[in-house]
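With the sequences and hints as input, model every part of the structure.
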Amino acid sequence: MIEFRKYQLKIAQKLLFEVSDWKIEAGNIYFLLGKNGCGKSTFLRSLLQPNDTDTLRIDGKAMRQWHPKELAQKIAYVSSKLPQNDYTTVFDFLLLGRYPYGMSLFGASETARQRVAETLELLHIGDLGERFLTQLSDGQQQLVAIGRALVQEVEYLLLDEPTAFLDYLNKRKLWALIGQICKERKIAIVVVTHDLESASDLMQNISYVDVRQKKLVTLVTREQFPTEELLVEIYGE
Amino acid sequence: MHALRYRKWLILGGILFVLLLVFHFFSWETDFSFLHDDVLLYSIRLPRTLAAIFCGALLALSGLLLQILFSNILAGPSILGISSGASLGVALAVLLGIGAVGISTVAFLGAVGYSMVLLLISRYVKSTTSLLLAGIMLSSFTSAFIEILSVYAQETRLKFFTLWGMGSLQQVGGSALVIFSIVFLVVVAKVLWISRDLTVYAQGEDFAKNLGVPIFRLRWLIIIITSLAVAVCTAFCGPIAFIGIAIPNLVRLFFKTTNTILLAFGSMLFGATFLLLCDGLILALDEKLILPLNAMTALFGVPFIIWIIFKQVK
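In order, the protein sequence lines correspond to chains A and B.
Under the numbering used here, the residues of the first sequence are numbered 1 to 237, in order.
Under the numbering used here, the residues of the second sequence are numbered 1 to 314, in order.
What the hints contain is simulated information worked out from the structure, not anything from laboratory work.
Predicted model only: the values in this text are computed from it and were never measured.
C-beta: ideal position from N, C-alpha, C; glycine also.
Careful: at least some of the hints might be erroneous.
Stated by the list, open to error - Derived CB-CB ranges, DEER-like: (1) B:Leu12 - A:Arg131: 23 to 33 angstroms; (2) B:Leu133 - A:Ala12: 25 to 35 angstroms; (3) A:Arg131 - B:Trp28: 39 to 49 angstroms.
To be verified - Anything over 10 angstroms on all C-beta distances counts as not near chain A; from chain B, calculated: (4) Glu147; (5) Ile224; (6) Ile261.
To be verified - Just a few of them, taken from the derived set where beta-carbon distance is under 8 angstroms, the chain A residues facing chain B: (7) Ala72; (8) Thr88; (9) Asp92; (10) Val211.
In structure tokens:
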């Protein structure tokens, strides 16, 4: 469980927003909404680096007690774009997800290769293993990005605008996949998105950044969303 | 399956390396009488061939590391000016006559100091073009100091420094080879040790950070390793340009991988082969033409780099 108690997200000493009381638990998908530039992505990335704060605890341990590699075995962050490296194959990229567990100097272990093969199968992209990342479509890139996090075998998955570059059909497919992963692997997923329409089936736990009050607000019931009044409060006029 | 992609290039590189090694050792001549002359064999032929191997391998490896560190395939010890930093150290030692501390030591200090300034700039300048421009500017700034030192230097020292600046493997003797061997072993062992971190880092700094790569330590290690390698090569063989930028790109193009161990091994193999070729041609033509080593590496390296730039624009 990730627990926030009066956690303050700051950039260069400037407060972006405060998370007064929030818990992220296994088997749930949490949607984080807010207007562009309010600090949603910064917030997700702040969960990846050990720091001095006591106001954020992961599995009962304060952030400063985590070693970066241990933390990488717990949490993975997936951005909306893959690294653009000319000569990285999908298979090699997915293998990098095993880095926090230690990598052999003499090639990947059998376990690592097996994890990658399983992930390729789960995502139905087994035929893409030998392709270079730069040869993939936007939809395939997003699947591969999520695949790397699955190979990492984390308990908390942070997805930053996963459907940003996808067409309608691929958006629907990806949300279905995210729901399936959460259910089957019993992991907690935090999603930052503006894609409210395609994701609506999964939206049970919704929070948004209140820019004026500089705080994260969690909606109590699904029925509170999306009302016209609330959308104006989140995104402005 | 993808192993086949680089296996053929490794075999081809290996064959070329052995052939050019033999040609270089025998100076492209059919007269083998020097094999019975210990002075010629152990003081001239063997050190020069070994220097070509060490220097070519270390410069190419340094180029690869810098390209990963700066996330820029156009980075290299000469383009970014790290060789200039080492040159400034050598200039101070030679032109001011303070060589007592050892040319390789001052070259190392010059290279480390320069790399640190460049790394500091790279924290704020993310654009490839701007960073390369900053490297060229810094390099010119360093050259200005060298020119000022040259004005006040004694004639004999200036002549020595000018010849050194053209690059040559002739001056490498026994003690230099010992230093070369130690540095080579240390650098290769360290690169092997951090190769997994480098493979992840090659995908981007943020990506590596999120996977738990110790970024700060890694950056420092790369700076120290490359400074050490460039400093030793520059101190003993002069500022040899273009190997560091051209060879890692060539290897990347051949191997089509981002696996750092493979790229490092390939860069060393092809770097050594390339310098054996360049210096071998100097040996083969020495009765008709006097060719500086730097001119040879530039003649081969520059067209290739321009081709890479064209490829990037496309």
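So, going through the hints one by one against the coordinates:
1. In this structure, Leu12 of chain B and Arg131 of chain A meet the distance hint of 23 to 33 angstroms, their C-beta atoms being roughly 25 angstroms apart.
2. The hinted window of 25 to 35 angstroms between Leu133 of chain B and Ala12 of chain A holds, with their beta carbons roughly 27 angstroms apart.
3. Between Arg131 of chain A and Trp28 of chain B the beta carbon distance is about 45 angstroms. The supplied range of 39 to 49 angstroms therefore holds.
4. Chain A leaves Glu147 of chain B outside its interface by the beta-carbon criterion, the shortest separation being 40 angstroms against a cut-off of 10 angstroms.
5. The Cβ of Ile224 of chain B lies farther than 10 angstroms from every Cβ of chain A, with a closest approach of about 21 angstroms, so its non-interface assignment holds.
6. Distance check for Ile261 of chain B against chain A: the nearest CB is about 7 angstroms away, which does not clear 10 angstroms, and the non-interface claim fails.
7. Among the interface hints, the one on Ala72 of chain A holds; its C-beta lies about 4 angstroms from the nearest C-beta in chain B, closer than the 8 angstroms criterion.
8. A least Cβ separation of about 5 angstroms between Thr88 of chain A and chain B falls short of the 8 angstroms threshold, and the interface hint therefore holds.
9. This hint holds: Asp92 of chain A has a C-beta 7 angstroms from the nearest C-beta of chain B, less than the 8 angstroms allowed.
10. Violation of the interface hint for Val211 of chain A is found here, the shortest Cβ-Cβ separation to chain B being roughly 25 angstroms, above the 8 angstroms cut-off.
In this structure, the hints that do not hold are numbers 6, 10, in rising order.
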